[in-house]
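> Sequence:
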Amino acid sequence: MTTTSGPDEALPTALRTEALEQLLTERGLIDPKTIDGIITTYETNVGPLNGAKVVARAWTDPEYRRRLLEDGTAAIRELGFGGFQGEHIVVVENTPTTHNVVVCTLCSCYPWPVLGLPPVWYKDPAYRARVVKEPRTVLSEMGLDLDDEVQITVRDSSSEVRWLVLPERPAGTEHLTEQELVPLVPRDAMVGVAKAAAP
Numbered sequence: 004m005t006t007t008s009g010p011d012e013a014l015p016t017a018l019r020t021e022a023l024e025q026l027l028t029e030r031g032l033i034d035p036k037t038i039d040g041i042i043t044t045y046e047t048n049v050g051p052l053n054g055a056k057v058v059a060r061a062w063t064d065p066e067y068r069r070r071l072l073e074d075g076t077a078a079i080r081e082l083g084f085g086g087f088q089g090e091h092i093v094v095v096e097n098t099p100t101t102h103n104v105v106v107c108t109l110c111s112c113y114p115w116p117v118l119g120l121p122p123v124w125y126k127d128p129a130y131r132a133r134v135v136k137e138p139r140t141v142l143s144e145m146g147l148d149l150d151d152e153v154q155i156t157v158r159d160s161s162s163e164v165r166w167l168v169l170p171e172r173p174a175g176t177e178h179l180t181e182q183e184l185v186p187l188v189p190r191d192a193m194v195g196v197a198k199a200a201a202p
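According to my numbering, the sequence shown is numbered sequentially starting from 4.
Just so you know, these hints were derived from the structure itself, not from any lab. Incorrect hints may appear among the rest.
The list that follows gives simulated cross-link-like pairs (lysine-lysine, DSSO-like), each with its CA atoms no further than 30 Å apart [to be verified]:
| # | residue 1 | residue 2 |
| --- | --- | --- |
| 1 | K36 | K136 |
| 2 | K126 | K36 |
| 3 | K136 | K126 |
| 4 | K36 | K198 |
| 5 | K136 | K198 |
| 6 | K36 | K56 |
| 7 | K126 | K56 |
Quick list of the computed label-pair ranges, beta carbon to beta carbon [said to hold, decoys possible]:
| # | residue 1 | residue 2 | range |
| --- | --- | --- | --- |
| 8 | Q154 | L82 | 28 to 34 Å |
| 9 | T28 | T108 | 19 to 25 Å |
| 10 | D64 | A129 | 34 to 40 Å |
| 11 | E152 | Q25 | 54 to 60 Å |
| 12 | E152 | L23 | 48 to 54 Å |
Virtual Cβ for every residue (Gly too), placed ideally from N, Cα, C.
Let the hints inform the model, and build the full structure from the sequences given.
What follows is the structure in structure tokens.
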């Protein structure tokens, strides 16, 4: 059996997606406003900003931090975040001597309510296989160089447990308010492939 490749196969994914959306809209199968609403939900309402708010609260409120590390799901729900893909979230803390990094070796289990949609690299088979075997090397390739003394623990997310990393609070942020700390917490720091940004 021979296959022929037409010009459509060379189109970038974004163009093919746009063409498919247009075709489905023209046929009355989808409503563009509904699609836009879903995108907004995962980019804004259900996204890394939520996780950053959780982290900033833990950095400024020791009692909340304790509850977060004891029962991540319940503490995250206190701030109004939860639901699908966020039923069982366990939070682990990075310190000067221990570093946690998250992966899903089977597919791409991910805590959507606090991190939004998983990034492409998180779903990539190379990341999923290599970070387990050589985490220090993979982190270095992603721009995070850790001292040899820092112990790295790889946390494997699954349908039963989704992990969230509480990154170290950057030095020099003691005077910042909870709201001022939120922009310093990138998504990648909550996965463990980066650190929180310095102010």
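> Could you tell me which of the hints above the structure violates, numbers in ascending order?
Violated hints (numbers, rising): 1, 4, 9; every other hint is consistent with the structure.
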